[in-house]
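Student: The chain contents come next:
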Amino acid sequence: MARMKFLCDADRCIECNACVTACKNEHEVPWGINRRRVVTINDGKPGERSVTMACMHCTDAPCAAVCPVNCFYTTADGVVLHSKDLCIGCGYCFYACPFGAPQYPKVGNFGSRGKMDKCTYCAGGPEADGSREEYEKYGANRLAEGKLPLCAEMCSTKSLLAGDGEIIAQIYKERVMKRGYGSGAWGWKTAYRETIES
Amino acid sequence: MASFGRLIRLAFGACALLLVIMAAPASAQQVNPTASSVKEQQLLQELNRIQGRVSIPDQRSGVLEQPQGREWREFRNVTLRWIGGVAIIGMLAVLVIFYLTRGMVRLESGRSGRTIVRFTLFERFVHWMTATCFIILAISGLNITFGRPLLLPLIGFEAFSEWSQWAKYAHNYLSFPFTIGVILIFLMWIAGNLPNKVDVAWIKRGGGIVGHDHPPAYRFNAGQKMIYWIVVIGGGLVAATGYALMFPFYMSGIEGMQMAQIIHSVVAVLFVAAMIAHIYIGTIGMEGAFEAMGSGEVDLNWAREHHSLWLDEEMARTGPNDQTPQPATAAAE
Amino acid sequence: MLIRRTERQSGSDRRGSIADSLASQTSGLDRRAFLRRSGLAGGALAALGAMPISGVRKAEAAAAGPLTAGATVKKNICTHCAVGCTVTAEVSNGVWIGQEPSWDSPINRGSHCAKGASVRELVHSERRLRYPMKLVNGQWARVAWETAINEIGDKMLEVREKSGPDSVYWLGSAKMTNEGAYLFRKLGAFWGTNNTDHQARICHSTTVTGVANTWGYGAMTNSYNDIRNAKTQMIMGGNPAEAHPVSLQHLLEGKELQHANFIVIDPRMTRTAAHATEYVRMRPGTDIPVLYGMMWHILKNGWEDKEFIQQRVYGFEDLRKEVEKWTPEEVERVSGVPGEQLKRVAKMFATEKPATLIWAMGQTQKTVGTANVRASCIALLMTGNVGKAGAGANIFRGHDNVQGATDVGLDIVTLPFYYGLAEGAWKHWSRVWEVDYEFLKSRFDSKQIMETPGIPLTRWFEAVTLPKDQVAQKDNVRAVFVQGHASNSITRIPESLKGLKALDLLVIADPHPTTWASLAVEAGRKDGVYILPVATQFECKGSRVASNRSLQWGEQIVKPIFESKDDLEVIYLMAKKLGFADQMFRKIKVENNLPEAEDVLREMNRGSWSTGYCGQSPERLKAHMKNQAKFDMLTMRAPKDDPEVGGDYYGLPWPCWGSPEVKHPGTPLLYNTNLAVMDGGGTFRPRFGIEREEKLPDGSTRKVSLLADKSYSKDSEIQDGYPEFTLASLKKLGWDTDLTEAEMATIMKVNPTNPDSVSWSLDLSGGIQRVALKHGCVPYGNGKARMNAFGLPDPIPVHREPIYTPRVDLVEKYPTLPDAKQFRMPNIGFSVQKAAVEKGIAKQFPLILSSGRLVEYEGGGEETRTNPWLAELQQDMFIEINPADASDRGVKDGGWVWVTGAENNSRARMKALVTERVGKGVAWMPFHFGGWLAGKDLRGAYPKGTDPIVLGESANTITTYGYDPATGMQEPKVTLCQIAAA
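Protein chains in written order, with my numbering: chain A, 1 to 198; chain L, 1 to 333; chain H, 1 to 982.
If you are wondering where the hints come from, they were derived from the structure by calculation, not from laboratory data.
A couple of the hints might just be wrong.
Claimed, not checked - Quick partial rundown of chain L residues pointing at chain A, CB under 10 angstroms, derived from the structure: (1) Asn32; (2) Pro33; (3) Thr34; (4) Leu43; (5) Val54; (6) Glu65; (7) Arg70; (8) Val96; (9) Ile144; (10) Pro248; (11) Met251; (12) Gln258; (13) Ser308; (14) Asp312; (15) Glu313.
Unchecked claim - Derived pair list, reagent style DSSO-like, types lysine-lysine, alpha-carbon separation capped at 27 angstroms: (16) A:Lys173 x H:Lys231; (17) A:Lys45 x H:Lys695; (18) H:Lys695 x H:Lys710; (19) A:Lys45 x H:Lys343; (20) A:Lys178 x H:Lys501; (21) H:Lys353 x A:Lys178; (22) A:Lys189 x L:Lys39; (23) A:Lys178 x L:Lys39.
None of the values given here were measured: they were computed from a predicted structure.
Think of the CB as a built atom: it goes at the ideal place given N, C-alpha and C, for glycine as much as any other residue.
All chains should be built: construct the whole structure from the sequences, respecting the hints.
Tutor: Below is the structure:
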């Protein structure tokens with residue numbers, strides 16, 4: 001059984017934001033909702049690294065643990081999804097998430113939160129795979145079509161890897177071994193409680 | 001304490017960084033960005049948080065990683081449930097035991113048939129408005145913490161989400177009248193709730209709850225003052241922290257909001273426990289007490305037993321009410 | 001009818017219903033595809049067999065839906081830079097519903113940048129122009145296409161009548177296909193003017209001139225993919241991480257796999273520099289001192305490639321004299337780069353080979369742009385780093401077809417394919433076009449002006465406003481027809497407003513109104529402006545040339561949206577209205593006013609011998625797109641046994657010699673003597689004579705050969721240098737007998753009076769080329785590259801301070817070139833520089849201002865700022881300022897500032913980005929913003945509903961005077977400014 005994960009090789013990331021717009025394009029994500037974003041650490045200084053971040057689909061996901069209405073579920077591929085029908089927009093998952101992944105449209109009262117939206121690993125939601133309802137609520141379901149998340153597929157430098165954890169960890173490991181440096185698989189330890197030894 | 005440790009780490013990290021920077025010119029203009037690249041694990045160890053620059057206006061999204069969400073998760077899922085469970089169930093248990101052993105505190109001298117105004121219509125309106133809001137806020141709030149393990153299995157996902165959604169709306173909207181209520185209570189009754197010497201004696205004598213003692217008190221005895229300050233301070237805290245959560249990021253970043261949620265929830269469950277006691281005393285715990293907030297008038301004998309000093313003041317000012325005593329049961333429902 | 005994806009009927013939904021998807025269930029991903037999608041193909045993983053496959057089965061099992069139910073897949077090329085990424089589009093019922101990774105393209109291999117990943121929005125944007133408009137009493141009003149074309153044409157004919165054809169300025173675009181750009185140039189020729197220009201002027205005109213003057217052709221010598229072979233990558237004056245993001249895939253993987261040196265020399269610590277192994281910060285405008293500083297170390301230590309220089313380089317001793325002046329001390333004094341660091345860089349560049357030098361606007365957009373790129377070429381020649389895999393001048397171009405548009409001659413100095421403007425060139429093209437030379441001549445004011453280069457677009461507004469006697473043509477420019485070019489990319493916006501006001505007619509043909517429209521209104525125009533909606537390239541078909549010279553054929557993804565029209569149709573309608581459509585389209589099929597792109601390409605094939613665009617027939621190009629997967633990622637070559645594209649290099653990178661039937665595979669690396677010509681090998685082009693008379697110190701002269709010395713391409717039958725091939729030289733070699741009768745007949749027809757003089761580039765039969773190739777020779781000859789490029793203003797590059805420099809102390813020693821008349825216009829750079837020094841401008845404006853590109857936007861940015869997926873990522877114009885300079889001025893990160901410039905009391909309001917990306921004393925702005933002017937929001941000046949989402953001040957409001965004498969290039973990369981908190 002595959003365990004789908006993301007891995008950002010920061011030594012390849014150039015903050016080109018392809019992952020961000022690919023996501024917008026694939027799911028028609030509205031303005032102001034950033035399922036994926038790129039953060040630059042130490043901007044402008046030698047040592048600067050950019051990292052793309054979205055929901056990491058954590059092992060023992062904190063969002064799922066703290067959700068008051070238990071609207072999260074983990075698929076057989078290890079993808080953490082949620083039901084917008086059940087979500088009440090309380091914001092608790094945002095407090096728990098180490099990566100700032102949950103996004104809330106500003107709707108309703110006091111400009112506060114609507115139903116949470118986040119990266120689905122291009123795997124849709126609880127609705128039937130490929131259905132119109134699923135697309136409208138969660139976006140495309142590429143996984144069901146046998147494709148991986150578009151952000152990783154379109155990454156300009158193959159910095160963002162998606163796929164089975166073992167495979168992408170292996171790719172990263174060999175890259176680091178070959179080139180002799182690596183600033184770390186960002187978020188990997190926090191999300192999956194494991195490091196990639198190289 | 002955790003934050004103190006973080007501070008140390010931060011200072012240490014800054015020093016290390018400074019050392020690196022100072023060492024750089026020594027190696028004859030060697031600027032090798034690849035070799036000097038930041039390392040995730042190093043940053044995490046030093047700062048326990050990784051932050052950078054983003055081009056989108058949402059600057060909070062510049063926080064790349066903040067694993068302290070885990071601590072908050074532990075609090076919410078474990079600590080808070082223990083605190084809340086112990087406080088509320090504990091309070092209920094204490095009250096049950098107390099009721100069983102002590103029973104209702106009776107009017108020892110019986111009813112005089114003459115009443116005196118204790119709370120005006122406005123005061124009662126404010127009380128009940130706040131009280132109603134509080135109860136709904138409390139239930140909807142407890143639902144967030146305890147609903148998932150207790151209620152959800154009983155009614156199922158859809159019904160529970162539907163109910164929780166409405167509870168959330170209620171929680172958000174009713175916060176406003178509740179806050180206004182707390183403010184009015186604060187202003188309305190502040191004069192009678194400043195602690196004084198009488199309170200010391202009152203407390204020393206245990207408030208007369210055990211046995212048949214009746215320590216003197218002004219309009220509010222020390223126990224009521226305690227409730228007052230719990231309402232004012234606790235209410236103030238839950239309101240302030242609640243708004244911080246309701247308007248995310250207006251006041252603070254994610255840590256602030258985690259902290260706000262911790263304060264909000266801890267204060268809230270203690271508040272609930274305290275209010276359970278308050279309700280007990282005001283209803284089945286003490287004969288004649290409910291009338292004060294029911295009809296607004298209390299029997300002179302009740303006043304004499306529980307608020308002798310206040311009665312004296314009132315008598316000196318106006319004299320007793322001549323009206324026929326009102327039955328005080330109607331409002332109790 | 002336009003349907004957005006979210007509004008689709010589920011019947012036509014590519015996601016289909018579940019029943020549909022189950023019915024046509026496929027096996028989903030095979031293992032190879034999964035690994036590729038997992039990033040493996042991009043990884044360094046050597047052994048596929050060693051991979052654990054535990055994850056794969058799951059992905060296969062998870063495949064529940066069809067890839068694209070009912071959608072057709074179309075391929076086009078991304079329009080946002082010259083890397084040449086294939087865009088794979090899914091189209092359903094005429095609506096572009098999705099983008100998929102283009103795995104098969106050997107160039108982008110599935111990848112995109114922010115722009116490429118969001119191009120779908122450009123087409124279906126609700127803010128696009130929907131119909132033609134004109135300005136009536138200061139208000140935009142809808143008009144019909146026919147009315148617009150008629151009114152525009154009448155006005156132009158009126159201008160022509162009064163002021164001559166040169167008073168109409170035809171500004172074309174690097175965004176057009178080859179076919180569009182070629183027809184646009186042809187339109188200019190048939191109209192009778194050389195005032196036809198496009199973005200290359202402000203982009204790589206200096207590269208084209210400088211590089212072509214060095215070794216023959218002004219283009220990137222190698223390819224993005226080939227950079228993987230480099231042991232040393234040096235990027236100087238470029239930020240490909242933001243400007244050419246997908247190229248970084250090749251650069252970074254090359255860096256990793258080769259353990260290559262990755263040197264970035266730039267005033268700014270860019271996103272590219274973040275990945276450097278050596279970052280060198282220099283003062284803007286000192287490229288030549290830095291390069292000479294490197295060469296000083298190379299020569300001192302004997303690291304130069306002596307054999308290469310001896311065999312293939314001319315003018316080395318002249319260069320040595322100049323280099324010797326640049327001691328480490330002087331270099332550090334001028335550029336700020338320490339000698340030790342430069343020595344280290346020089347050693348890597350010269351000894352850890354192959355080394356490549358990569359550049360872009362950082363070198364070109366200067367008054368010394370041509371000299372800068374010449375110095376870069378010289379550094380490569382000195383170290384023998386040209387004409388080899390992993391080496392070369394890798395010049396990253398900025399628009400999808402800026403290389404192509406330049407090649408097809410959308411330019412002021414030449415007819416298509418660098419034939420120049422001399423009589424012979426006009427006669428060549430009149431033969432190709434099958435029109436009478438005399439007819440063409442009659443279209444111009446005079447034969448003399450017909451053979452005189454036109455006005456560079458950088459000077460268009462001065463051509464309108466300068467006194468008539470200063471503009472060396474019959475009259476000032478009075479009408480501008482701009483098709484696909486931003487106005488805010490051109491420096492000195494405050495000056496350009498005067499030009500906008502004074503014009504009789506302005507026509508803007510574009511998918512978006514652009515700043516031409518908003519600034520024209522702001523300039524005070526009430527009428528005489530037309531806007532024509534033109535389709536994006538995704539709605540057109542045709543060929544485009546990536547930076548590496550590969551031609552790629554783009555399919556029409558969807559039909560032109562709203563009332564917009566294909567570029568080719570607009571050109572045809574104009575030609576028809578202006579009365580020469582029949583002559584101009586004599587050899588081109590036109591249907592419903594739309595010339596057929598394939599037929600246009602065929603005409604180009606028939607005339608483009610000089611540049612080797614003759615072999616890329618539409619059929620071959622389409623076969624390449626169809627067979628993308630077959631090309632090797634590193635060599636870009638298809639297996640020899642493939643029936644359709646066997647042995648070809650991807651995109652038949654020019655020169656692709658001979659007619660399509662010759663099946664030349666294209667030339668992936670220019671001047672590569674290690675390969676036979678028929679395998680893509682080549683030599684330096686002897687373009688400047690075969691020998692030169694040199695003066696010796698004693699006053700005597702000697703003749704020096706400009707032909708290669710004992711160096712030749714593999715399998716060449718002539719094993720030494722040789723001049724270009726003509727019928728005469730074939731006869732001398734006895735190879736003329738290889739010509740067929742038909743070829744000979746054509747040659748006779750080309751020049752009946754003197755057939756011997758017919759050369760490889762004029763022979764319309766292609767016979768001379770075919771015969772040369774048969775004998776392993778390069779048709780253009782085998783010469784030496786020139787370190788001394790006699791004929792240029794500075795034959796040996798010389799450092800010259802920018803017009804506006806903070807180092808006034810250096811101006812006396814390194815002044816800019818004297819005032820002169822160039823391209824019909826006066827260039828008074830010297831006077832401006834002198835006045836600036838005298839007036840103490842550098843004290844008033846102490847910060848160096850440079851400009852550059854953001855990854856989210858492109859060019860003038862109207863198109864990309866209209867795309868919400870991109871606009872969201874950069875919502876404010878900003879200026880980067882060093883923390884030290886910021887704190888001196890009380891400027892806060894994210895706070896508003898006023899930036900003031902050295903000319904016209906220019907000022908602009910924007911946000912400050914306080915960062916160490918820029919050094920102390922340097923500020924930097926992105927150049928994509930527009931729609932604000934001096935703090936004023938011009939949103940209301942756009943036609944309603946067509947304003948871009950994000951507006952902001954243009955960098956070029958602040959930029960100043962300064963033009964390269966060889967090309968008319970502007971100087972937006974170095975000027976002065978002051979910043980104050982707003």
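Student: Now look at each hint and say whether the structure bears it out.
Tutor: Each hint tested on the structure:
Against a cut-off of 10 angstroms between C-beta atoms, the interface hint on L:Asn32 holds, since the closest Cβ of chain A lies about 7 angstroms away. Proximity of L:Pro33 to chain A holds as hinted, the smallest CB-CB distance being about 4 angstroms (cut-off 10 angstroms). Given the 10 angstroms rule on beta carbons, the hint for L:Thr34 holds: about 6 angstroms separates it from the nearest Cβ of chain A. Hint status for L:Leu43: holds, given a least beta-carbon distance of 7 angstroms to chain A, under 10 angstroms.
At about 6 angstroms, the closest approach between the beta carbon of L:Val54 and any beta carbon in chain A falls short of 10 angstroms, and the interface hint on this residue holds. About 5 angstroms separates the beta-carbon of L:Glu65 from the nearest beta-carbon of chain A, less than 10 angstroms, and the hint is met. Taking 10 angstroms as the C-beta cut-off, the interface hint given for L:Arg70 holds, the closest approach to chain A being about 6 angstroms. The closest approach between the C-beta of L:Val96 and any C-beta of chain A is roughly 29 angstroms, which is over the 10 angstroms cut-off, so the hint fails.
A hinted interface residue such as L:Ile144 counts as satisfied when its beta carbon comes closer than 10 angstroms to some beta carbon of chain A; here the least separation is about 4 angstroms, so the hint holds. Contact between L:Pro248 and chain A, as hinted, is supported at the beta carbon level, the nearest pair being about 6 angstroms apart and thus within 10 angstroms. With its C-beta approaching chain A no nearer than about 13 angstroms, L:Met251 sits outside the 10 angstroms limit, and its interface hint is violated. Because the beta carbon of L:Gln258 sits about 5 angstroms from the nearest beta carbon in chain A, less than 10 angstroms, this interface hint is met.
With its C-beta approaching chain A no nearer than about 48 angstroms, L:Ser308 sits outside the 10 angstroms limit, and its interface hint is violated. The closest approach between the C-beta of L:Asp312 and any C-beta of chain A is roughly 49 angstroms, which is over the 10 angstroms cut-off, so the hint fails. At a threshold of 10 angstroms, the smallest CB-CB gap from L:Glu313 to chain A is about 45 angstroms, leaving the interface hint violated. In summary, the hint linking A:Lys173 to H:Lys231 is supported, as the alpha carbons are separated by about 23 angstroms, within the 27 angstroms threshold.
Of the pairs offered as hints, the one joining A:Lys45 and H:Lys695 is violated, with about 52 angstroms between alpha carbons and a cut-off of 27 angstroms exceeded. In summary, the hint linking H:Lys695 to H:Lys710 is supported, as the alpha carbons are separated by about 25 angstroms, within the 27 angstroms threshold. At most 27 angstroms may separate the alpha-carbon atoms for a hinted pair to count; A:Lys45 and H:Lys343 meet this at roughly 23 angstroms. Simply put, A:Lys178 and H:Lys501 have alpha-carbon atoms about 61 angstroms apart, too far for the 27 angstroms limit, and the pair is violated.
For the hint linking H:Lys353 to A:Lys178, the alpha-carbon distance of about 20 angstroms falls within 27 angstroms, and the restraint holds. Distance hint between A:Lys189 and L:Lys39 is fulfilled; the C-alpha atoms sit about 13 angstroms from each other, no more than 27 angstroms. Restraint check for A:Lys178 and L:Lys39: satisfied, since their Cα atoms lie roughly 18 angstroms apart, inside the 27 angstroms limit.
In terms of the numbered hints stated before, the structure departs from hints 8, 11, 13, 14, 15, 17, 20, listed from lowest to highest.
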